[in-house]
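Knowing the structure of chain A, use the given hints to seat chains B, C, D, E and F on it.
Number of protein chains: 6
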Amino acid sequence: MTVTLGEVVAALEGRYAPALAEDWDAVGLVCGDPDEPVRRVLFAVDPVGAVVDEVVETGADLLVTHHPLLLTPVHGVPADDPKGRLVHRLIRAGAGLFVAHTNADRAPATGVNDALAGVLGLIDPRPVLPAASDPRVGLGRVGRLAEPMSLRGFAERVAAALPVTAGGVRAAGDPDRRVATVAVCGGSGGSLLPAAAAAGADVLLTSDLKHHPVSEALEVPGPALVDVAHFASEWPWLPVAADLLARDLGNRVEVAVSTRRTDPWTAHVAQPGTGGSAGRLSG
Amino acid sequence: MTVTLGEVVAALEGRYAPALAEDWDAVGLVCGDPDEPVRRVLFAVDPVGAVVDEVVETGADLLVTHHPLLLTPVHGVPADDPKGRLVHRLIRAGAGLFVAHTNADRAPATGVNDALAGVLGLIDPRPVLPAASDPRVGLGRVGRLAEPMSLRGFAERVAAALPVTAGGVRAAGDPDRRVATVAVCGGSGGSLLPAAAAAGADVLLTSDLKHHPVSEALEVPGPALVDVAHFASEWPWLPVAADLLARDLGNRVEVAVSTRRTDPWTAHVAQPGTGGSAGRLSG
Amino acid sequence: MTVTLGEVVAALEGRYAPALAEDWDAVGLVCGDPDEPVRRVLFAVDPVGAVVDEVVETGADLLVTHHPLLLTPVHGVPADDPKGRLVHRLIRAGAGLFVAHTNADRAPATGVNDALAGVLGLIDPRPVLPAASDPRVGLGRVGRLAEPMSLRGFAERVAAALPVTAGGVRAAGDPDRRVATVAVCGGSGGSLLPAAAAAGADVLLTSDLKHHPVSEALEVPGPALVDVAHFASEWPWLPVAADLLARDLGNRVEVAVSTRRTDPWTAHVAQPGTGGSAGRLSG
Amino acid sequence: MTVTLGEVVAALEGRYAPALAEDWDAVGLVCGDPDEPVRRVLFAVDPVGAVVDEVVETGADLLVTHHPLLLTPVHGVPADDPKGRLVHRLIRAGAGLFVAHTNADRAPATGVNDALAGVLGLIDPRPVLPAASDPRVGLGRVGRLAEPMSLRGFAERVAAALPVTAGGVRAAGDPDRRVATVAVCGGSGGSLLPAAAAAGADVLLTSDLKHHPVSEALEVPGPALVDVAHFASEWPWLPVAADLLARDLGNRVEVAVSTRRTDPWTAHVAQPGTGGSAGRLSG
Amino acid sequence: MTVTLGEVVAALEGRYAPALAEDWDAVGLVCGDPDEPVRRVLFAVDPVGAVVDEVVETGADLLVTHHPLLLTPVHGVPADDPKGRLVHRLIRAGAGLFVAHTNADRAPATGVNDALAGVLGLIDPRPVLPAASDPRVGLGRVGRLAEPMSLRGFAERVAAALPVTAGGVRAAGDPDRRVATVAVCGGSGGSLLPAAAAAGADVLLTSDLKHHPVSEALEVPGPALVDVAHFASEWPWLPVAADLLARDLGNRVEVAVSTRRTDPWTAHVAQPGTGGSAGRLSG
Amino acid sequence: MTVTLGEVVAALEGRYAPALAEDWDAVGLVCGDPDEPVRRVLFAVDPVGAVVDEVVETGADLLVTHHPLLLTPVHGVPADDPKGRLVHRLIRAGAGLFVAHTNADRAPATGVNDALAGVLGLIDPRPVLPAASDPRVGLGRVGRLAEPMSLRGFAERVAAALPVTAGGVRAAGDPDRRVATVAVCGGSGGSLLPAAAAAGADVLLTSDLKHHPVSEALEVPGPALVDVAHFASEWPWLPVAADLLARDLGNRVEVAVSTRRTDPWTAHVAQPGTGGSAGRLSG
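Heads up: the protein sequence lines correspond to chains A, B, C, D, E and F, in order. Okay, so the first sequence: first residue is 1 according to my numbering, each after it adds one. Okay, so the second sequence: first residue is 1 according to my numbering, each after it adds one. Okay, so the third sequence: first residue is 1 according to my numbering, each after it adds one. Okay, so the fourth sequence: first residue is 1 according to my numbering, each after it adds one. Okay, so the fifth sequence: first residue is 1 according to my numbering, each after it adds one. Okay, so the sixth sequence: first residue is 1 according to my numbering, each after it adds one.
Extracted from the complex, chain A is given alone in its bound form (with noise of 0.2 Å):
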């Protein structure tokens, strides 16, 4: 009855395949042993020091991320390294660790994109990049609302439906413009701009968003943008590969989502309309 970390391991990759993620990613399995038993899946959006700590808490024996830990390759994992620290904590503590990254992102049905999509109530959502072989595989997801709304009313439906975050909800276009084709895309997705116009997007919601490209945007027709936390853009897969996880395996493994808030930002301060030394600016 006991499951080994190597039937984890093939359960999760039956979801989402490796072969699915980008050329540059580093998924699957970053530490741990095939053969010893899972008792406890933990699942979190970052290997950071916080979820180690709950791993070893709550003494889970697998934790899963979307973030891989060693992205740029190493040549040791000595423990005076925040990585290798980490690496030495969860073989310490008889824990694996296993990344679903882009493999997630692309994944169909069950990924990070339909999970983003689904609390964000978007209808017929499918890939804004869809693969040539397979169109429900793909980066992004686009959909419709179930009635149109205006970009203003369309940030704070966000706001209310995604984790709590310091930052909160930014949008660029005009407040009151009407939007009713959604597209999203976990994590930093601003490169999906062009595909999300030419599927017929009327706003994109990804993270990370840097100046230049949404100066740019603005200066030419096509989609509002939207820009969340990108913990808080991925945070929604995690219950629903949680629970997958423990459907596939016949619940002969427990569950858990971290409830570790990994968004690093921890303060924000608004700026009123008016005063400052930018008063004399109009908008």
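FYI, nobody ran anything at the bench for these hints, they're computed from the structure. Heads up, some of the hints might be wrong.
[What the hints assert, rightly or not] Here are the simulated lysine-lysine pairs, BS3-like style, with alpha carbons at most 30 Å apart:
id, chain 1, residue 1, chain 2, residue 2
1, A, K83, A, K210
2, D, K210, C, K210
3, C, K210, B, K83
4, F, K83, E, K83
5, D, K210, D, K83
6, F, K210, E, K210
7, E, K210, E, K83
8, C, K83, C, K210
9, D, K83, C, K210
Structure of chains B, C, D, E and F alone, referenced to chain A:
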């Protein structure tokens, strides 16, 4: 008594030498005839449509921007391309465009980073990455606050000192952390973090910070991070450069700072600390 | 009844599809507004000052040239750069610039190489380097003369058929050699020599031939070579393209071929067969 | 009293040090055995079949050429390759081949460019691109004419001074322009134009000039251009190098300059200023 | 009745098509004139001085070697270079040099690897890395032994079957391991290990094996390794190719296999299992 | 009195500075926590399974190897990868792994090459490739024998002085050649041959020598070659480094040299000088 565009360019390059620009940058005159007269100069962060409207409306003969119009080089400037259209509008209006970008960032005393350090009240600012040839030249500035304060307090000072933008100010790190030495870098300056740490900074203020470097920074000792709008971080330079040009040319040209807020973010929705599907997350 | 620049561009691209251009090339609209009307179009080989003078003098709304103005891409078009100055002059004169370069070389039936083959009287011309997808498309043309003639006689025919240039026509190979099959390539076509040999050509006519490839060619069996001015080899296309555009647009635009000889060579001194310090050389 | 090939090579390299050659060049001994005796040395511009005929006919033991035989390196020298055949013929005839190319171009006092400057009567010639380490070394030569003359007059002097070739001499620029300072570069020297301009040259004489650089040069102030046969521009060096070798070896070897004209152009047809399909063009 | 070198080359290339060679290889005729007659052909592994001595002593008109003389291409073949000296000696002796290298390795049925498989008695040999286009073509051969034997026993069979060399035969892996399926690759074939493992080989025999790949191979399940002299692994091909050529040309040429052992190792000292400073090491 | 891993690393890097390593190398701490205590250190050439067995069996806290475990960087260390498994075993056993590779090769006085020179009795050894900055540092060592001897005699001395390996010792060159000056390079040092020749060496001893460079070396004057097992050439450093570490730390750590022979070759079959299919070859 008339000033030619050539003289204005010479005055600007006397303060912001093209040789200071990074290899990949594109600074200097984008359009305009150095032999023609200049009576009025407008300074702005971004060469976008709203700013060219202002050039036309105010009859300026020269637009000086911090950001390049044609950072990616082009084989033509046809008017059905958004950037080509601006070139047509400027040439037909008899106005030139001059860019001072990383040369203005790295210039001594009167550059973008000195202006930013100035509005924040930094004492004895010096480059974070000083040039080997001249220690007054380089990217970023690091200096002391007159009085140490908390990270939260510093973020509030930043919000008060910089132009108002929709996104406001974000901070990463313990909000109660004491901040005495401050590093700043106008624009996208996340790559200066190691140098800011080496310079003893308690915090690095810059813009366009993305999830992964901030998350990794919080896993090791080092500076806290403050993120502001890219536009806001560079705006303080505009009045400095405008006044300097007028003075350098004996007030024979009229100068003005653009009144258009070219930060592309138009709306922000805060997420209060409770409610939402992330309500079960602990901080 | 007015024709817009956009319609003219569409007509030209209907004959000379941009997709036919080489990867390194820079074709299409360089300046001008597709929404503005066009009454008169001037065709020339080179976008140089003398030709832009003619645009201004004749009130043309569009200049079509074979050679790109900005083959090396630029970060600006300031008027103290010779090419930027032409952009200023054209935009201020309300004239556009359109380039059809290697797409015009490779296009079927009405391209640069067909025009060159036509003035030389070649029969059944076909591409020297045909495209895999369409045998009518490709670089160079090879065809038969109505009557075989000597290489010297062919060079005389070339001199009579092409625009007069200071440098005249040069031939390499036995002047008495019989020439029946002729390959031509407008512009710098020396690299087509192996393909011309494979196509059974007795001679390759092109321009800009340099010492080493010609010297090496004479060491092995294969075609003789004839070198003409680059300008002269491409000029025959101008009336062809001009007439075609007028016809394609139902004579709603007026067309003209530039009268300026833009071959840069202005003088030639022949060396008679005796005298000089090389008098002791035998042939 | 016998001289070995090794001694001849040492004498030649004493004047034309291999270290002066460009990185991409291929100079030195191509075939021949340094231990064998040399009685007679033939100098030529090009290692072609006609010159090897002369080696065989005259019983020369060594051929010295300016141009490399194997600039593109080879995996073999089979006799069914034109260059391999020359290697077989030379080795079977007991003759070596030695190349002095860009080292002879750049060498001080007795190199290719000094010889060219000499036959044109230039006063105080110095390198156009002097080496940092030695101002007497470098590509090209620039000097004064004893009397200024028109560009046309200079072209006539060139035609009289250099070996007769079919193509003669071409000039670009105003034929009446006054020429006092002259830059020359044997071989393909068009890339020296900016340096010639910086050196104050009124004209640059070189060979293998192509349309685009000449056309662009005429659009800006700067030197006129004169184009001669590549062969003719380098030939003047042959008697200089031959005499020098004989002297350096105490006349223990017999030297001769090849009598074969290896310029590949065999015929030229002038185009008188009227007639032909370009009759309607104005100058 | 005379056979030309061209006919011999055609016969050899009929068996060992140049198109089969790797991209980086240098095969075919290195020197010799295809129009000259060939009476006697010598086959050897290496084009070295001792073998050229044999060419001269035996009056051979053609040397066929497996290894290229000029794998690194050259700008000349002067006689003071060891390889250039061989070219001079061959050309002066009227002898050609022909190379069949990776094309002979990859050729079907009569190539280097088939000959090696043959002397070892492998049954049903097929390529280890078969070409996509033809399964009989490719690097390496894998086949069965008539009777399984121990790794030690296999090494003894190899020692008996291949030419005697000073270094003998080395094996890596448990000497008592059972060997039934054998992969072989003449020359430096260590990179075929993964393909040999995939083909089910119990052992890979090749040469030039280095410490690190062998050490890593022993850390995982997979084939044992046997290392022989590079020369010995390729020698078995010589009599095969020689006989084949004679037959293909109707015995109109005389063929011979070189009697020179060109393995460079001249002495070997065994280390008995005890004594020396490593005496304290356990196995 | 306890020594931490950090102190041990500092002592090792004091002797074998990481800055001495080649750019492509991967030296330093691979796993282990610098804050934890170290009582016992084991030194070995290779980080392989048998050596980790010994770490576990002997309770060592640190393994120091010459060869890197992760020369090719990795994205993870899962236990189903042979190298990842060793990381798991070491971390779980509380043992670190430290690598000193090309820094130990190049270090002065107490490095790999000095140890090798020492066991062979070389007098006044100095680097074959000395560093520009410090003539005591560099790859290889060259020194004199107390008494000249034959190449065969030298090979016998090598066999007696180095650890016993299955492959023994091979020599290339005339066995009776006199050897007085000896160059050595632990590991794969064939590329040092030109430098060893320039240093006047009569022989170069190293490992992993391949056919082509040895064959080419025998075609020109220069050093003979001796090839030993890679493992054997580096082993002499182990006791040197172990003793030095104990001394540098005041004998506060226990040191040991691994007793496992990690040379991968397990058997050798000599080929007597007659018989076999190569019997017809002459030497």
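*asked:* Going through the numbered hints above, which ones does this structure break? Give me the numbers in ascending order.
replied: 3 and 4
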